[in-house]
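K.L.:
The primary structure of each chain is shown beneath.
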Amino acid sequence: GDSVTQMEGPVTLSEEAFLTINCTYTATGYPSLFWYVQYPGEGLQLLLKATKADDKGSNKGFEATYRKETTSFHLEKGSVQVSDSAVYFCALSVWGGSQGNLIFGKGTKLSVKP
Amino acid sequence: SAVISQKPSRDICQRGTSLTIQCQVDSQVTMMFWYRQQPGQSLTLIATANQGSEATYESGFVIDKFPISRPNLTFSTLTVSNMSPEDSSIYLCSVIGEDGYTFGSGTRLTVV
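Chains as they are written, first to last, in the numbering used here: chain A, 4 to 117; chain B, 619 to 730.
Watch out, some of these pointers could steer you wrong.
[To be verified] As a list, the in silico SDA-like pairs of lysine to any residue whose alpha-carbon atoms are at most 20 angstroms apart: (1) Lys112(A) / Val621(B); (2) Lys109(A) / Ser636(B); (3) Lys109(A) / Gln48(A); (4) Lys59(A) / Gly44(A); (5) Lys109(A) / Val621(B); (6) Lys112(A) / Ser619(B); (7) Lys112(A) / Ile714(B); (8) Lys109(A) / Gly715(B); (9) Lys52(A) / Ser619(B); (10) Lys112(A) / Ser660(B); (11) Lys112(A) / Lys625(B); (12) Lys63(A) / Ser619(B); (13) Lys109(A) / Gln655(B); (14) Lys52(A) / Ala620(B); (15) Lys59(A) / Gly718(B); (16) Lys52(A) / Ser660(B); (17) Lys52(A) / Gly715(B); (18) Lys683(B) / Ser619(B); (19) Lys109(A) / Ala620(B); (20) Lys55(A) / Gly715(B); (21) Lys109(A) / Asp705(B); (22) Lys112(A) / Gly715(B); (23) Lys116(A) / Gly64(A); (24) Lys625(B) / Gly46(A); (25) Lys52(A) / Ile714(B); (26) Lys109(A) / Gly678(B); (27) Lys109(A) / Gln659(B); (28) Lys625(B) / Gly44(A); (29) Lys55(A) / Thr73(A); (30) Lys112(A) / Ile708(B); (31) Lys116(A) / Ser17(A); (32) Lys625(B) / Ser636(B); (33) Lys109(A) / Glu676(B); (34) Lys109(A) / Glu704(B); (35) Lys55(A) / Gly718(B); (36) Lys52(A) / Gly718(B); (37) Lys63(A) / Tyr33(A); (38) Lys52(A) / Gly658(B).
Just so you know, these hints were derived from the structure itself, not from any lab.
Only chain A is shown next, with the shape it has when bound in the complex:
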């Protein structure tokens, strides 16, 4: 079935370091891809999304490109801040029939040290 595999955490970086969180997916259809962020004690927020191959989603300095050839949607940020400390979830949705829910990866906890 459809699934998402993302890089195991936790990831600890110093402020202004470069961030990559890897995400790959398996889907039978043509999924939309998402990154969600969960700050400590808060709910789930959409960070960015891409709906078709070669689309690039971006928000708050984060970027991810939908790569169909490698079935990947890696999250990147050029210079992380302490305020980026959170858990990041990669997710996909495949529409069709009665489906439409999101399938999530296991999450990657990011800690950024000053």
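Using the hints, position chain B against chain A.
P.N.:
The following block gives chain B in isolation, referenced to the frame of chain A:
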């Protein structure tokens, strides 16, 4: 995008009791999803609730344990029945609107 009001935000319950979680959406939506997030884990879909039909449950989740109501296009409830400590989790509802997926703020349940 749709706005979801989910309550309660947290609760501490005795084992063997039941808790009903409510989600109210500010617009009409066809599909509503209920997820569980166990401590330190990802989100797992419990069921999909469509108005006017019975909820569709994922493998490992049954209606007797997690009964769902969907009386109209803006409201749904999830009940966690006969609770045990293993049910301690965050429960979230989600909808698909014109702008994509929206999540409720979650219900943090602790069973003692």
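K.L.:
Hint by hint, note whether the structure agrees.
P.N.:
Status of each hint after checking the structure:
1. Lys112(A) / Val621(B): Violated, because 27 angstroms separates the two Cα atoms, which is more than 20 angstroms.
2. Lys109(A) / Ser636(B): Answer violated: Lys109(A) to Ser636(B) is near 28 angstroms, above 20 angstroms.
3. Lys109(A) / Gln48(A): holds (16 angstroms)
4. Lys59(A) / Gly44(A): violated (29 angstroms)
5. Lys109(A) / Val621(B): Roughly 26 angstroms separates the two Cα atoms, so the pair is violated.
6. Lys112(A) / Ser619(B): violated (27 angstroms)
7. Lys112(A) / Ile714(B): With a Cα-Cα distance of about 26 angstroms, the restraint between Lys112(A) and Ile714(B) is violated, given a limit of 20 angstroms.
8. Lys109(A) / Gly715(B): violated (25 angstroms)
9. Lys52(A) / Ser619(B): Given pair Lys52(A), Ser619(B) holds - Cα atoms ~15 angstroms apart, limit 20 angstroms.
10. Lys112(A) / Ser660(B): Cα-Cα ~11 angstroms, so holds.
11. Lys112(A) / Lys625(B): Violated, at roughly 26 angstroms.
12. Lys63(A) / Ser619(B): Given pair Lys63(A), Ser619(B) holds - Cα atoms ~19 angstroms apart, limit 20 angstroms.
13. Lys109(A) / Gln655(B): Roughly 10 angstroms between the alpha carbons, so the hint for Lys109(A) and Gln655(B) holds.
14. Lys52(A) / Ala620(B): holds (17 angstroms)
15. Lys59(A) / Gly718(B): holds (17 angstroms)
16. Lys52(A) / Ser660(B): At roughly 18 angstroms apart (the allowed maximum being 20 angstroms), Ser660(B) and Lys52(A) satisfy the hint.
17. Lys52(A) / Gly715(B): Within the cut-off at roughly 15 angstroms; holds.
18. Lys683(B) / Ser619(B): violated (31 angstroms)
19. Lys109(A) / Ala620(B): Distance ~26 angstroms between Lys109(A) and Ala620(B) Cα, so the pair is violated.
20. Lys55(A) / Gly715(B): holds (19 angstroms)
21. Lys109(A) / Asp705(B): holds (19 angstroms)
22. Lys112(A) / Gly715(B): violated (28 angstroms)
23. Lys116(A) / Gly64(A): Holds: Lys116(A) and Gly64(A) sit about 18 angstroms apart, inside 20 angstroms.
24. Lys625(B) / Gly46(A): holds (13 angstroms)
25. Lys52(A) / Ile714(B): holds (14 angstroms)
26. Lys109(A) / Gly678(B): holds (18 angstroms)
27. Lys109(A) / Gln659(B): holds (6 angstroms)
28. Lys625(B) / Gly44(A): Holds. Lys625(B) to Gly44(A) sits at ~16 angstroms (cutoff 20 angstroms).
29. Lys55(A) / Thr73(A): Status holds; Cα separation ~14 angstroms.
30. Lys112(A) / Ile708(B): holds (17 angstroms)
31. Lys116(A) / Ser17(A): holds (5 angstroms)
32. Lys625(B) / Ser636(B): With Cα atoms ~15 angstroms apart, Lys625(B) and Ser636(B) stay inside 20 angstroms; holds.
33. Lys109(A) / Glu676(B): Distance of about 18 angstroms is within 20 angstroms: holds.
34. Lys109(A) / Glu704(B): With a Cα-Cα distance of about 19 angstroms, the restraint between Lys109(A) and Glu704(B) holds, given a limit of 20 angstroms.
35. Lys55(A) / Gly718(B): It holds: about 15 angstroms lies between the C-alpha atoms, which stays within 20 angstroms.
36. Lys52(A) / Gly718(B): Measuring from Cα to Cα gives roughly 10 angstroms; hence the hint holds.
37. Lys63(A) / Tyr33(A): violated (26 angstroms)
38. Lys52(A) / Gly658(B): violated (24 angstroms)
Consistency with the previously given hints fails for numbers 1, 2, 4, 5, 6, 7, 8, 11, 18, 19, 22, 37 and 38, ordered from lowest to highest.
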